[in-house]
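Q: Sequences are here, hints too, so could you generate the full structure?
Protein chains in written order, with my numbering: chain R, -4 to 344; chain F, -4 to 344; chain H, -4 to 344; chain C, -4 to 344.
Don't take every hint at face value.
Which copy? The list can't say, so a pair holds if one copy fits it or any two copies do.
Taking lysine-lysine and the DSSO-like style, the derived pairs with C-alpha atoms no more than 27 Å apart in a straight line are [what the hints assert, rightly or not]: (1) 340 with 110; (2) 263 with 160; (3) 264 with 69; (4) 106 with 250; (5) 13 with 250; (6) 160 with 69; (7) 13 with 337; (8) 69 with 250; (9) 340 with 250.
FYI, nobody ran anything at the bench for these hints, they're computed from the structure.
In case you want the letters, here they are:
Protein chains: 4
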Amino acid sequence: MIYLGNDYSYGALPEVLKYLSEINNIGEIGYGEDPISERTRRLLLDQCQLEEGEVLFLAGGTQTNIVALDWFLKPGEGVLCTEGAHINVHEAGAIEATGHKVIPLYSENGKLSAKTIENYMTQFFHDATWPHMVIPGCVYLSHPTEIGTLYTADELKDIRAVCDKFSLRLYVDGARLIYALGSEENDVTLQDLAFLSDGFYIGGTKCGTLFGEALILPGRLPELERNRLFGHIKRHGALLAKGWLAAAQFEVLFKDGLYLEVGNEAVKKALHLRDALHAIGIRSPWQSPTNQQFFIIPTPLLEPLSKEIIFDIWGTPIPQESTIRLVTDWHTSFEELNSAIKILKMLYC
Amino acid sequence: MIYLGNDYSYGALPEVLKYLSEINNIGEIGYGEDPISERTRRLLLDQCQLEEGEVLFLAGGTQTNIVALDWFLKPGEGVLCTEGAHINVHEAGAIEATGHKVIPLYSENGKLSAKTIENYMTQFFHDATWPHMVIPGCVYLSHPTEIGTLYTADELKDIRAVCDKFSLRLYVDGARLIYALGSEENDVTLQDLAFLSDGFYIGGTKCGTLFGEALILPGRLPELERNRLFGHIKRHGALLAKGWLAAAQFEVLFKDGLYLEVGNEAVKKALHLRDALHAIGIRSPWQSPTNQQFFIIPTPLLEPLSKEIIFDIWGTPIPQESTIRLVTDWHTSFEELNSAIKILKMLYC
Amino acid sequence: MIYLGNDYSYGALPEVLKYLSEINNIGEIGYGEDPISERTRRLLLDQCQLEEGEVLFLAGGTQTNIVALDWFLKPGEGVLCTEGAHINVHEAGAIEATGHKVIPLYSENGKLSAKTIENYMTQFFHDATWPHMVIPGCVYLSHPTEIGTLYTADELKDIRAVCDKFSLRLYVDGARLIYALGSEENDVTLQDLAFLSDGFYIGGTKCGTLFGEALILPGRLPELERNRLFGHIKRHGALLAKGWLAAAQFEVLFKDGLYLEVGNEAVKKALHLRDALHAIGIRSPWQSPTNQQFFIIPTPLLEPLSKEIIFDIWGTPIPQESTIRLVTDWHTSFEELNSAIKILKMLYC
Amino acid sequence: MIYLGNDYSYGALPEVLKYLSEINNIGEIGYGEDPISERTRRLLLDQCQLEEGEVLFLAGGTQTNIVALDWFLKPGEGVLCTEGAHINVHEAGAIEATGHKVIPLYSENGKLSAKTIENYMTQFFHDATWPHMVIPGCVYLSHPTEIGTLYTADELKDIRAVCDKFSLRLYVDGARLIYALGSEENDVTLQDLAFLSDGFYIGGTKCGTLFGEALILPGRLPELERNRLFGHIKRHGALLAKGWLAAAQFEVLFKDGLYLEVGNEAVKKALHLRDALHAIGIRSPWQSPTNQQFFIIPTPLLEPLSKEIIFDIWGTPIPQESTIRLVTDWHTSFEELNSAIKILKMLYC
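A: And the structure:
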């Protein structure tokens, strides 16, 4: 079986496992107050060129979105996003469960534009009944997006400007961030994210760690707010007792640039797969320059294909043609990809 | 000043005030356990041809929607509605505040169709990722709709069938129900609502009472569930200490058919207004057979008009033409309407 | 039947009904933006000697507590109160439903002392694990308390000082405030409450109005916060469409000092009842100087008594002796009280 | 530094790390639908002598309590527990954040008794105002308790009987369950827990895994409820993408009885420590037969002690004597303990 259904089908990068073994017998204080967490925080802040900031190591993506958005949003405020945003579609109502409305806006190519946000906000405040409506408090973006596309640094700057105009916070979901950073088409740096957003996270789970996401909140919180944040995480069931274990995995990824290597490799392989399938006439519904690739295939092929390759069907399959998602990651090999290509070729041609 | 901005600009029907005076010195048990509440419950159930059912007297519309939907929905379930649904737009996120996602679907003429719901649900369960998505648990309709239009009994029957197919509850917001019942175009009876829905409410606030909505839940609850429902209302801050005061106002409306008279009169006046304005060339963006009428007027007229008539601007005004809402109710007189027509004629022509 | 079970067994003061009739045909803007609400706000602020402040007219007590506490408390913060506090016992978990822990502390005579609060807070921050615990954000008091007792102005000042020391807000539930203001033993003025608390409400429902509570938040909110507060009320289903109807009832109570008269009279009657029952040997479990009186009677008397008088059993009845509550209000007459005394005398002696 | 502050100061049992390495390159389906999760579920159910049941692998203890209690409790219901219960004190209001009141009852020796629960419930329903109160829906116990003590199987049976009488669910927090199972004084088996409770969890984080808790819900859920449960976990941000990694660690613990060995060893060491300290005159405030030991030491010793041993101060230290907690686990060695004993001896004597 070839696993191309997602980027969380295998344990962790060997370097990660090795490091966890090495530190296994070092006693640590719990709840993220240990030296490993401390130095990994500093490491990540440095990578972001941030003097100060909170760095939280959490277990998974939906959890991180809950913790971040429920922190950014005042009670009753809503969050703007695309229709296909993970928080709008695939988190089982986690954001609404914290009392916040998720407000999907029109998107193009999986992305929200500054113009769309500005139009919404302008219209919002021109509607005489707006005090009866949910006031947006935050913009949620994913980079890469749920369909593998990328924002440009300029697009983010424009969005930031609109956010400033309307007192909106800006939050970026980076579940697959290293696959953006590893893409040649990407011009958004960690520093850009740190400078432009009010918070973003660097995904670990989908990028080679056993688990873990690093949520970065630029800037220094007053002492009391830091304590409130700690309680906030705990209250959401997101405080890891052995916090250093999540931090340590990020130390491995970021200490010597391993994350870039991993991102780069995986994207290279994704493009190899894409080019090979395009060459045999399989089309993509849109172009993705990152590790998620989407292809349109005849629906009758889904079943035979599923016997040899693990893949994701994107949305609802329809009688004639369906969209599938194939994903590469740190574990994917060219051999697997070439086998997958061969299988698809045989089925398709 | 002529008040046509809404149907809650004046106190209450004289009959209501009179009755409140009459019962003012009768001692009652609190929290709706009194004889007036009891007999009004029976009265309303009879009108609905229901043997058994819960009838709750609550203070306002948003509160009633909160109480009803949070009762119908299991934790985490969502509610399907139109994009313009009151719960989606004008309740400040009250439903999300109880943890439920509001899921707006495509609507036509302010209405949801059985087909739209069926398509959504079918596609939903064909999406392999649906267990990660918010499961719809209820359909929310307004009758009349937010834009004054009406469902037919057949449309409701079709929607009920789809709800049955997908285990969805059906809830009808009747904030302006008497203006549906008072419209000649309406063929939906109280009995239809009682038979087809899992719950609906009959609005009082917009229909001539000081305050109050009567939420009807057909069928008998087991004793324990009745107690849970009582606590549910209390917990939402919706339990009226002097419950009989809300009930009494419904007794007045329903004892001798006053509600029908009021609904009828108000709709007749609304259509008079509509016809007169159409006659002078003012168009409606859609046809409403109930007490809310919508008109397109040049935006520059908004300001002079607002000096003589209280009206609502519908949505965001745009430079050239804006939509306004004019509403009649139990208090509106033909004199006021004719003055309003004269004013609009003068401004428009 | 003699109604002494509570202070919400009858409609409203005749003056209230009369005024509602008088303003019945005056058109008003909805949602509290009307002149009656405006001038009643000013009236109440003046009574409190406040230059500025928010005055919200809400429907009932539990609702007011929800709106106030969920406004005062930051997400996740808790509220300190007595064990017998209304929010802790009799609101069906309404405060917890908004995500806030209710933290009951030791009370004496139904009251919380500054010392108790200070001890709790001091111990709290000395516990090394406090960041894992619920941080108290507010103190909730009732004046009069749930058992009819009164704070002194000095006690409130001391509590305020402790609140300042620990950044706690102070909120006072005044469901029966006029029965404190009408008691000779009371030395807490409206101005004291306005000056010492971050918010308090003046009850209407239990004090002669059809419904309604006036929540007073001293000080001026910035424009954006005022809009947030408006949405907050709406989101809790607490925004009255015909807001002026609640305001108007407070105008009647406060314009010419009617509230004081009502409070005074009711307390006088309560003390008459108390003295008469004490005279025949019926004891009180504690002394109440307000309109709620508590008496210990042999449990076998409960049943015969309930055939002639509506009363409340306080807590769980036990085989030998039970505590009952008898309450006076604006509607209670000396005739009723004397009959009640006679009945009790007959049963008891 | 000697780490005796808790049982989560070191990574994981070597066997756990080894196994994670072994399975690192086996591709798996996400979200717990993989063969490792499947067979570990079966393994745990077998240990519990359960034919059927749900077994959920979650990340941490507070998260597990949230997921379990919010699943067991109907909206608005409360949970009964001891005053010192983890959910009442140390979860930052996580249960209240899901809308449920935590209701602490009187405890003895850290334990709730069947009698206490029965008294509370009996009194509850005898109070005429109970419909206004929070209805308890579940009993929460910890085994071992937060202070290291143990329920007997008979005590649990009695509690179950009371739960049945009042339709209460019974949930057992087993964060340190293996240290109960490893104690000679314990007579509660996994089968007892499976048979008597509606759900319980076996802690991993404190018992030698990197992370992870196994929540066991005896009995089979209907298909629709299983899907609702899946969404429930996701909505709480508790669904692990690489679910098999948590399961695998439990496979290691339970396949060949490793959990018993670990529990046994740690308890043996804890008792060694206890006996040695008692021998030099240091008292325990209560007797614990499990891996958490509590000692009363002069407060001035806290500071010098903290330079050599990591320990927990229990509650608020007072000027003269303070209570400290010393904890053993899979990693603790006799050497460390003997050093600790020596240090304490030196300081104390």
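Q: Determine for every hint whether it applies to the structure shown.
A: Here's how the hints hold up against the structure:
no.	hint	verdict
1	340 with 110	neither (42 Å within a copy, 39 Å between copies)
2	263 with 160	neither (39 Å within a copy, 47 Å between copies)
3	264 with 69	neither (42 Å within a copy, 44 Å between copies)
4	106 with 250	neither (31 Å within a copy, 48 Å between copies)
5	13 with 250	both (14 Å within a copy, 24 Å between copies)
6	160 with 69	both (18 Å within a copy, 26 Å between copies)
7	13 with 337	neither (35 Å within a copy, 35 Å between copies)
8	69 with 250	neither (36 Å within a copy, 38 Å between copies)
9	340 with 250	neither (41 Å within a copy, 44 Å between copies)
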